[in-house]
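A.B. asks: Next come the chains, spelled out residue by residue.
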Amino acid sequence: EAGVTQFPSHSVIEKGQTVTLRCDPISGHDNLYWYRRVMGKEIKFLLHFVKESKQDESGMPNNRFLAERTGGTYSTLKVQPAELEDSGVYFCASSRAPLGEQFFGPGTRLTVL
Amino acid sequence: GQQVMQIPQYQHVQEGEDFTTYCNSSTTLSNIQWYKQRPGGHPVFLIQLVKSGEVKKQKRLTFQFGEAKKNSSLHITATQTTDVGTYFCAGRNSGGYQKVTFGTGTKLQVIP
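Each protein sequence line maps, in turn, to chains A and B.
Heads up: the first sequence begins at 1313 in our numbering, then just goes up one per residue.
Heads up: the second sequence begins at 3 in our numbering, then just goes up one per residue.
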């Protein structure tokens, strides 16, 4: 079974630019989560999809962040326009059951200059 | 909102010494999970605890869930260099939508 994949692995952009991160969950996993870890601190929840629906997006920092999961398969997280404080590692995770073990992707390291 | 704190934030131990990290939630949890993130890696699931007072063991790792389901601990016996990493607890609040909140993490360094 293939694991969760994320693309790109690294992204360096300038303040004001747009970046789109992609996550491909494990096949058959309806639950997809986005997290962010900044400067080695805690893993902050951003949002949770169940299939294509947003179950909880209370962790999204502001309206510069837009997450989609069309068709309930892969998901994208767009940051537009990017700010310096958006730098960090963005993790995606998926799970088969809503309360079950989460499988994390390798993360996308975003650097905003 | 729900807060999940872990102590200590950092811990350096000599190889062979024991290590414990504690996780405390501001609210009652329905369950708690533990993850390990190696340096440069991604979080990897270790275990899930559901019942009040539950204790589970995995080789040298012992996990406990408090009686009130508001705290948990992870104890490693006789640490090895392969135990290096950051350990996170992740708690789900009870009732309704069970949102997951990750703890602040404990970074473990093992000195050979």
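Source of the hints: derived by calculation from the structure; they are not laboratory data.
Heads up, the beta-carbon is just placed ideally off N, CA and C, and yes, glycines get one too.
Don't take every hint at face value.
Stated by the list, open to error - Below, a sample of chain B positions facing chain A; criterion: calculated Cβ distance under 10 angstroms: (1) Tyr24; (2) Ser32; (3) Asn33; (4) Gln35; (5) Tyr37; (6) Gly55; (7) Phe90; (8) Ala92; (9) Gln100; (10) Gly105; (11) Lys109; (12) Ile113; (13) Pro114.
A.B. asks: Each hint should be assessed against the structure and marked as holding or not.
C.D. replies: Here's how the hints hold up against the structure:
Because the beta carbon of tyrosine 24 of chain B sits about 15 angstroms from the nearest beta carbon in chain A, more than 10 angstroms, this interface hint is broken. With a least beta-carbon distance of about 7 angstroms to chain A, the hint placing serine 32 of chain B at the interface is held under the 10 angstroms criterion. With a cut of 10 angstroms, the hint placing asparagine 33 of chain B at the interface with chain A holds, because the nearest CB-to-CB distance is about 6 angstroms. Because the smallest distance between the Cβ of glutamine 35 of chain B and any Cβ of chain A comes to about 7 angstroms, under 10 angstroms, the interface hint for this residue holds.
For tyrosine 37 of chain B, the suggested interface contact is upheld, since its CB lies about 8 angstroms from the closest CB of chain A, less than 10 angstroms. Hint on glycine 55 of chain B is violated. Least Cβ distance to chain A is approximately 19 angstroms, over the 10 angstroms limit. Evaluation of the phenylalanine 90 of chain B hint against chain A yields a held restraint, the C-beta minimum of about 6 angstroms falling below 10 angstroms. Annotation: alanine 92 of chain B was flagged as interfacial toward chain A, and the flag holds, the nearest CB pair being 8 angstroms apart, inside 10 angstroms.
Using the Cβ-Cβ criterion of 10 angstroms, the hint placing glutamine 100 of chain B at the interface with chain A is satisfied: the shortest such distance is roughly 6 angstroms. At its closest, the beta carbon of glycine 105 of chain B sits 7 angstroms from a beta carbon of chain A; the interface hint therefore holds under the 10 angstroms criterion. For lysine 109 of chain B, the shortest C-beta to C-beta distance to chain A is roughly 8 angstroms, which falls under 10 angstroms, so the interface hint holds. For isoleucine 113 of chain B, the interface hint is violated, since its Cβ never comes within 10 angstroms of a Cβ in chain A; the closest pair sits about 20 angstroms apart.
At a threshold of 10 angstroms, the smallest CB-CB gap from proline 114 of chain B to chain A is about 23 angstroms, leaving the interface hint violated.
Checked against the numbered hints above, the structure breaks hints 1, 6, 12, 13 and satisfies the rest.
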